[in-house]
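First to last, the protein sequences are chains F and H. Each residue of the first sequence is one higher than the one before, counting from 1 in our numbering. Each residue of the second sequence is one higher than the one before, counting from 172 in our numbering.
Derived from the structure by calculation, the hints contain no laboratory data. Errors might be hidden in some of the hints.
To be verified - Sample of chain H residues at the chain F side, in silico, Cβ under 7 Å:
#1 197
#2 265
#3 332
Claimed, not checked - Within a straight-line C-alpha distance of at most 35 Å, the following computed DSBU-like cross-link-like pairs (lysine-lysine) qualify:
#4 H:198 <-> F:105
#5 H:334 <-> F:165
#6 F:163 <-> F:105
#7 H:334 <-> F:105
#8 F:165 <-> H:198
Beta carbons: idealized from backbone N, C-alpha and C, even for Gly.
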Amino acid sequence: MQEIINFTLSSDTTAVTLGSIPSTFNHLIIYGRLLDRSSGSAVGVSYYINNTVNSDHAYSMIYSYGQGAGGSNNWNSAFNDYGSAGVGGDSNENDTIQLIIPCYKESYSNEKAMFFSFASPNYGNTSYQYDSSGFIARKNLSGAAITNITFYIGNGYNFAAGKTKFTVYGV
Amino acid sequence: MQLIAEVNTTNYSGQNIIDVTSIPSYKALYIFGSLRTQGDTELRLYWNGADMFSSIMYNMSIERNDNGNYSYGYQQNGFRIIANSFLNSQYTSAFYVEIPNADLSSNDIAKTILSRQAILKNSSGPTYILTAGSPQSGQTAALAQPISSLRFYTFSSYFSVGKIFIYGSN
């Protein structure tokens, strides 16, 4: 496993693109630590690949949140959307993500399938959310390799500079 | 993470068994794959020459599909990597499997497997499945040894295009 990109956000922004991913590996593993500027509100964090921000992405996800017996779980519907989403923590808490993409460059695969996991403290430090999503991009890639990944945050909020970090590894 | 084997499943088209042998002893094994099959099927995993029809693996799954939401415990022959005939010829499914303690030889500790799959069955969206499993009944002496071979088995169809990568880590 070799580090390809080590990125720390230098100024607040709503989207971060990790680009110029080479096709010299077989798989990708991406870790992120996110902090947002949502002023205490929980917001959605999503991603898309290869600059395609339309219904060419689809995902379904399994998630749970809460604490102790008061937690809940959901098996969410399949969506046609920008990408796999997680609900971000509030502005006081760091979220952790992991994205695993097997066989990201293989031309036989029009649809690249990947796995997105998300751990998010939330709601006044008293509970957390764990969000594990499956995600498939299809139709638009036509067998192309994944060369860039964009993470973005909803509702007009920003990722926090200095506190938002991503590391991309090639396997 | 050292590459142990890279399998081009296209070379096994029309077959339903892929054996990877002479696997060195590692503390953990990682399997990445993406593939299609000739028809609807599921993909199962065995190791150390386990008898496919007598070694029972216990499989706990949580999954979501387009027909509804459910989770369940499951018992079957082999560890189910991709379930419920979600592999097919139209869409490429992917999987990622972790096998910690692959080098253990104790009869007291069954090997436990964690697996994630993202599967596209139709045009409405993907299916996502988490599974965990370990040998339960039918555990043989071979299964309790360090993993030295893996068998990938398509239950009711045959391999087509795709790749499977196996890595080891200490």
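Here is how each hint holds up against the structure:
1. Evaluation of the residue 197 (chain H) hint against chain F yields a violated restraint, the C-beta minimum of about 14 Å exceeding 7 Å.
2. Evaluation of the residue 265 (chain H) hint against chain F yields a held restraint, the C-beta minimum of about 4 Å falling below 7 Å.
3. Interface hint status for residue 332 (chain H): upheld, as the beta-carbon distance to the closest one in chain F is roughly 4 Å, under 7 Å.
4. Distance hint between residue 198 (chain H) and residue 105 (chain F) is fulfilled; the C-alpha atoms sit about 28 Å from each other, no more than 35 Å.
5. With a CA separation close to 31 Å, the supplied pair residue 334 (chain H) and residue 165 (chain F) stays within the 35 Å bound.
6. Distance restraint check for residue 163 (chain F) and residue 105 (chain F): the Cα-Cα separation of roughly 30 Å lies within the 35 Å cut-off, and the hinted pair is therefore satisfied.
7. A C-alpha spacing of about 11 Å is found between residue 334 (chain H) and residue 105 (chain F), which places the hinted pair at or below 35 Å, so the restraint holds.
8. Between residue 165 (chain F) and residue 198 (chain H), the direct Cα distance comes to roughly 30 Å. Compliance with the 35 Å bound is thereby established for this hinted pair.
Hint 1 alone, counting from the list given before, is not met by this structure.
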